[in-house]
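Student: Chain residues, written in single-letter form:
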Amino acid sequence: MRKEIRVFYVFSIVILSGLWEGLARSGIFPSEVLPPFVTTLCGSIQLIVADELPKHLLASGYRWAIGFSISLVLSVPVGIWMARSKRVYHFLDPLLTLTYPVPKAAMIPILMLWMGAGDLSKVTVIIIGCFIPLVISAYHGAQGVETSLIWSARAMGMGEKKILFRIILPASLPTVFSGIRMALAISLIVVLGSEMIARQSGLGYYLFNSLEMGLYQTTYSVLIIISGIGFLLDRILSLVMKNVLDWV
Amino acid sequence: MKTVRAFSAVRRILLQYYSVFLVASLWEIVGRSGAIHPVLLPPVSKVAVRFFELLFFDQLLYHTGQSMFRMWTGLGLATLVGVPLGIMMARFASVRSLLEPPLTLGFPIPKVGVYPVLIIFFGVLHTSKIMLIFIESAFPIVMATFHGALLVEQRLIWSAESMGTEEREILWKVIFPLTLPHIFMGFRIGLIVSLIVVFLSEMIASAEGLGHLMMSSSRGFRSADTFVAIAMISILGLLFDRSLLSLRRKMLKWHPEGEHH
Amino acid sequence: MTKLVVQHVSKVYTTGKERQEVEALAGINLEVNEGEFFSLVGPSGCGKSTLLYIIGGFIPPSGGKILVDGREVSSPGVDRGIVFQEFALFPWKTVIQNILYGLEQRRIGKEERLAIADRYIKMTGLRGMENLYPKELSGGMKQRVAIARTLAYDPDILLMDEPFGSLDAQTRVFMQDELLRIWEETRKTVLFVTHSIEEAVHLSDRVAVFSRRPGRINEILPIPVSRPRIREEEVCRRQYIDLVNHLWKAVEREVKGFPCSIKQGVFQQTSAHVRYAKRN
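Residue numbers (our numbering), protein chains in the order written: chain A, 1 to 248; chain B, 1 to 261; chain C, 1 to 280.
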């Protein structure tokens with residue numbers, strides 16, 4: 001069954017690319033507006049080995065990595081803390097509930113005002129953007145640990161700290177991981193979006209710049225690269241998650 | 001009697017949301033103290049005043065209307081198309097094998113990257129944004145509906161069949177009501193996503209709308225206005241989320257599980 | 001008068017990655033009379049429910065056919081109602097809305113619908129619970145709703161798949177007598193699958209014993225105990241005890257052969273089979 005599914009996935013990529021190619025070559029749209037798929041793909045490869053793109057790619061990657069990791073390190077402990085301490089929960093919950101439906105993208109202009117349009121504002125936006133989903137999933141993960149597990153550990157004389165690391169942390173990992181996956185998607189949107197707004201450097205800037213300069217083929221090529229990166233990162237995360245969960 | 005009840009209600013709110021009031025008060029104090037340049041952090045009171053000024057004497061309502069039009073058109077389309085699609089994916093293996101791969105593949109891709117391409121085709125007015133919102137919110141709605149419809153117990157369908165329900169009726173008489181809890185979940189995510197996307201797209205490239213208002217006031221150093229735009233967005237976001245939750249409670253009163261989040 | 005004829009019905013499943021063929025039923029022949037209460041007993045998971053689902057028209061047989069009143073049936077229909085072990089109530093509908101469903105499907109007029117529903121609510125002892133949702137009901141009450149719902153639209157045959165299997169032991173005994181009381185009022189033809197020998201003897205006119213997989217009918221035992229069946233008297237009588245013992249031995253013989261395990265309605269032999277074979 002698994003093999004069949006994998007074949008389907010490859011198949012659908014082939015079909016979609018074929019549709020793109022067909023639509024482009026059919027002449028319905030002028031070739032500047034919709035360049036054929038193969039040409040675009042070649043363009044992507046050319047861009048990767050060229051000079052400009054890797055520079056921007058690195059800039060985006062650097063921001064994203066810092067923002068994402070800091071967010072992880074900050075949010076997950078807070079979430080678990082919320083599950084452990086009623087007072088912390090009581091303090092944070094209303095704040096989180098109020099800000100949950102608010103798009104964190106709204107913070108971008110303010111942060112740019114405060115911190116300039118450079119790296120710091122973007123990293124901060126990523127941290128803010130990922131914070132809430134990570135905290136919520138960490139909270140639910142830690143909350144969901146069966147009380148019977150914790151009680152038996154206590155009965156066996158385990159200290160509180162040990163309980164935290166040996167029992168609660170591993171048991172909440174699956175929920176935390178699904179939160180991380182969602183945070184990954186959000187962080188990518190935030191990085192890309194903020195770069196498209198700030199227009200200084202990074203993949204988002206590069207993408208939008210090519211649009212403004214009328215270099216449409218570059219736009220498509222960069223889109224393919226971005227999609228590929230997004231897909232790859234998600235795959236890597238899933239693999240890491242699977243391995244860690246097995247080990248636990 | 002009524003004043004006593006009002007009092008205790010107010011007290012309850014204060015106690016529950018004390019952290020919010022704390023933060024708000026801090027904000028006001030810091031804003032007024034002059035420790036931070038007023039352009040960077042205008043005090044809450046100033047923002048509130050400006051809010052009403054823009055609401056009644058300026059274009060806040062207009063911009064809000066633009067944003068909301070885009071968002072709800074995109075979200076509405078995503079729901080109208082996505083829910084039937086999700087249910088059909090669960091019911092018919094052919095539809096599933098056709099759609100599941102591109103949906104699962106496309107999920108982790110930051111679809112905001114498609115925005116420039118949409119601009120190429122549709123320009124910077126409403127259509128490109130509506131399309132972007134549609135694409136972004138369709139994913140969670142279809143996937144949630146699909147996974148929910150898969151969970152429908154075969155025996156329920158069999159019961160309905162033995163009571164004279166025909167094949168086509170089964171979809172909306174049995175599968176749809178059973179999938180409704182999942183549809184709500186998907187719609188909630190779609191709501192949040194579409195909110196993010198509409199403002200993001202307006203901040204990137206737009207001549208009107210709340211996102212544009214934010215950017216232009218920020219560039220013009222009218223930061224109180226920026227905060228007003230943010231406040232409006234927050235209020236809207238909260239309003240929609242709460243309304244959705246209360247609608248969900250009403251429509252799903254038969255559902256055994258407790259409330260979500 | 002013959003109501004239901006099962007003619008040489010067989011069922012073969014293909015399953016697993018290697019596309020193994022599993023024979024679930026091998027040539028079942030059965031005739032059920034009108035107004036008869038007919039039970040099916042046998043070892044765990046060896047075809048009884050499958051036969052019921054085939055009769056109901058939910059899964060197609062691999063061979064043979066089902067005749068109701070002389071007509072062949074191959075798909076679900078309002079002449080055969082079904083009650084499941086898991087109740088299968090519509091959770092978004094209240095008790096009365098569930099019961100009304102079959103009547104609505106039959107396009108019965110509003111006033112008449114409500115009258116009929118009311119009758120069955122009274123009959124199944126659900127008075128006062130009409131506007132509750134399934135989530136607010138206990139197991140026994142849920143099963144009453146399921147029974148009321150299926151009886152309301154007046155199917156010719158009632159198919160019951162271990163309907164009391166999800167109930168606790170006390171409720172189960174109580175519901176058995178409730179079912180008999182309701183059945184006496186309507187006297188429908190009932191096909192009843194159960195694991196409980198005592199239950200089968202207490203309720204039925206005839207009991208069929210299934211073999212282990214592939215399922216065949218080993219014997220059909222008539223239960224000549226007079227109705228109404230009063231539990232306290234019955235259990236002490238020699239006749240009842242003999243019947244129960246006879247059926248137990250018949251089933252035991254099958255159980256001690258090849259233990260089957262169920263995997264989503266498909267049957268796989270466990271390694272215990274090999275052990276038994278070696279011991280014998």
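One thing to keep in mind: the hints can contain errors.
[To be verified] Derived DSS-like pairs (lysine-lysine); straight-line CA-CA distance at most 25 Å:
| hint | chain 1 | residue 1 | chain 2 | residue 2 |
| --- | --- | --- | --- | --- |
| 1 | B | Lys250 | C | Lys122 |
| 2 | C | Lys65 | B | Lys173 |
| 3 | B | Lys253 | C | Lys249 |
| 4 | C | Lys122 | C | Lys135 |
[Said to hold, decoys possible] Quick look at which bits of chain B chain A covers, simulated, 3 or more residues with Cβ under 8 Å:
| hint | stretch |
| --- | --- |
| 5 | 52-60 |
| 6 | 72-80 |
| 7 | 89-102 |
| 8 | 138-147 |
| 9 | 165-175 |
| 10 | 235-249 |
It is worth saying that the hints were derived from the structure and are not from the lab.
All figures in this text were calculated on a predicted structure; none of them were measured in a lab.
Don't be surprised by glycine CBs; every beta carbon is placed ideally from N, CA and C.
Student: Decide, hint by hint, whether the structure agrees.
Tutor: Evaluated hints:
no. : hint                : in the structure
1   : B:Lys250 / C:Lys122 : violated, 30 Å
2   : C:Lys65 / B:Lys173  : violated, 30 Å
3   : B:Lys253 / C:Lys249 : violated, 50 Å
4   : C:Lys122 / C:Lys135 : holds, 21 Å
5   : 52-60               : violated (count 0)
6   : 72-80               : violated (count 0)
7   : 89-102              : holds (count 5)
8   : 138-147             : violated (count 0)
9   : 165-175             : violated (count 0)
10  : 235-249             : holds (count 4)
When held up to the earlier numbered hints, the structure conflicts with 1, 2, 3, 5, 6, 8, 9 and fits the remainder.
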